[in-house]
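Chain A is fixed; fit chain B onto it per the hints.
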Amino acid sequence: MTTTVAETDAAAGTGTAATRVIGVAALVVVAFVAVSALLLTPADAVQGDSVRIMYVHVPTAWVAYLAFVVTAVTSGISVARRHRTLGFDRVAGASAEVGVLFMAMTLVTGSLWGRLTWGTFWQWDPRLTTTLFLFVTYVGYLAVRNIDTDPQRRARRSAVLALLAVLEIPLVHFSVVLWRSLHQEASVLNLDGDVRLDDLMLFTLFAGVVGFTLVYAWLVMHRQRLAALGDAQGTVGLDAAIAARRAEASSVPTGVAARTKGA
Amino acid sequence: MDDIGFIAASWVLTLGSIAALAVFTLRRAKRLAARVPDSAKPWL
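Residue numbers (this note's numbering), protein chains in the order written: chain A, 59 to 321; chain B, 281 to 324.
No lab work stands behind these hints: they were computed from the structure.
Each hint should be verified, as a subset may be incorrect.
[What the hints assert, rightly or not] So these bits of chain A aren't anywhere near chain B, every CB distance computed over 10 Å:
no.	residue
1	Arg110
2	Val131
3	Gln181
4	Asp183
5	Ser308
[To be verified] The calculated label-pair distances, taken between Cβ atoms and stated as ranges, are:
no.	chain 1	residue 1	chain 2	residue 2	range
6	B	Pro322	A	Arg238	49 to 55 Å
7	A	Gly106	B	Arg315	50 to 56 Å
8	A	Ala76	B	Gly296	47 to 53 Å
9	B	Gly296	A	Arg238	31 to 37 Å
10	A	Val218	B	Gly285	41 to 47 Å
11	B	Asp318	A	Ser308	27 to 33 Å
[To be verified] If the Cβ cut is set under 8 Å, some of the chain B residues that face chain A in the computed set are:
no.	residue
12	Asp283
13	Ala289
14	Ser297
15	Ala302
16	Ala309
17	Lys310
Using N, Cα and C, we set each Cβ at its ideal position, and we do this for glycine too.
In isolation and in its complexed conformation, chain A is listed as follows (with noise of 0.2 Å):
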């Protein structure tokens, strides 16, 4: 007897040959990262080891745009279609559940780098302080998303908020610029395009970027079809309740029905 390839992904769930090849290509990139980053890669001339941070908080602070970028604009393709099917608005959920993961990372990684270079985990700074916005307006987000109604309902009402929420990305990268922050400002993409950055911490840092874009794609593909799996469930479930409503009305003997009437 042969297990077939429909078999094969049938039993892993929300598995694919593309996910596994997505899977396995981000493995193999973060593990180069995390090697590269803790022990080859020098120590900065002015924040010595507490460097190695960066090659997690930028990263992930990249992703959580990233997620949060296509949300809306898979928010935007959701509204805009004439026959809509819930597909976009599955994706802009899943990158939006994925965004929050990566941001709190940002958060939690920058707080621990601020304790080592300026000596406190927290300021109300405007970097800081737009970015707890920004992860707080998405879990108001996913709480909306939650909110017990039916799938088009709900695609609809998110997808308002999803666009809205997007609009304070540029304040969030542009706080250093626009106020006077702590956070340094960007090394990479900055407006005047000097890079000041070593070789080995930039392409450590690139291949972190990669590493964790790929992490995001294996992980939205998997939610996203979780959604899909998850709204099936509800219509079989509803469909059994109404085909067992029907089988008990059914099997109720002529007899006492016409006495329930009756009385």
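Coordinates of chain B only, in the frame set by chain A:
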């Protein structure tokens, strides 16, 4: 290496939380996939 506790905490928390979400997602997907017909799984 200076500040190793903070550096290790950053890496462990980040990779650990991603791994936890991945494991939770896969386990839930496996459980739900067993209850839903294949017609509701367009990726197959």
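Evaluation of the provided hints:
1. At roughly 5 Å from the closest C-beta of chain B, the C-beta of Arg110 of chain A falls inside 10 Å, breaking its exclusion from the interface.
2. Remark: the non-interface label on Val131 of chain A is consistent with the geometry, its nearest Cβ contact in chain B lying 21 Å away (cut-off 10 Å).
3. With a cut of 10 Å on Cβ distances, Gln181 of chain A stays outside the contact zone with chain B, its closest approach being about 17 Å.
4. Asp183 of chain A, annotated as away from the interface, keeps every beta carbon of chain B farther than 10 Å; the closest lies near 19 Å.
5. With a closest Cβ-Cβ approach of about 25 Å to chain B, Ser308 of chain A is found to remain outside the 10 Å limit, as its non-interface label requires.
6. Against the hinted window of 49 to 55 Å, the Cβ-Cβ separation of Pro322 of chain B and Arg238 of chain A comes to about 51 Å, which satisfies the hint.
7. For the pair Gly106 of chain A and Arg315 of chain B, the supplied restraint of 50 to 56 Å holds, since their beta-carbon distance comes to about 53 Å.
8. For the pair Ala76 of chain A and Gly296 of chain B, the supplied restraint of 47 to 53 Å is violated, since their beta-carbon distance comes to about 26 Å.
9. Taking 31 to 37 Å as the suggested C-beta distance range, the pair Gly296 of chain B and Arg238 of chain A conforms, at roughly 35 Å.
10. Taken as a hint, the range 41 to 47 Å holds for the pair Val218 of chain A and Gly285 of chain B, whose Cβ atoms sit roughly 44 Å apart.
11. In this structure the hint that Asp318 of chain B and Ser308 of chain A lie 27 to 33 Å apart at CB holds, the actual value being about 30 Å.
12. A cut of 8 Å between beta carbons decides the hint on Asp283 of chain B: the least distance to chain A is about 5 Å, and the hint holds.
13. At a threshold of 8 Å, the smallest CB-CB gap from Ala289 of chain B to chain A is about 6 Å, leaving the interface hint in force.
14. Satisfaction of the interface hint for Ser297 of chain B is found here, the shortest Cβ-Cβ separation to chain A being roughly 6 Å, below the 8 Å cut-off.
15. Because the closest C-beta pair between Ala302 of chain B and chain A is about 7 Å apart, less than 8 Å, the hint holds.
16. For the restraint placing Ala309 of chain B at the interface with chain A, the shortest Cβ-Cβ distance is roughly 3 Å, inside the 8 Å limit, so the hint holds.
17. With a cut of 8 Å, the hint placing Lys310 of chain B at the interface with chain A holds, because the nearest CB-to-CB distance is about 4 Å.
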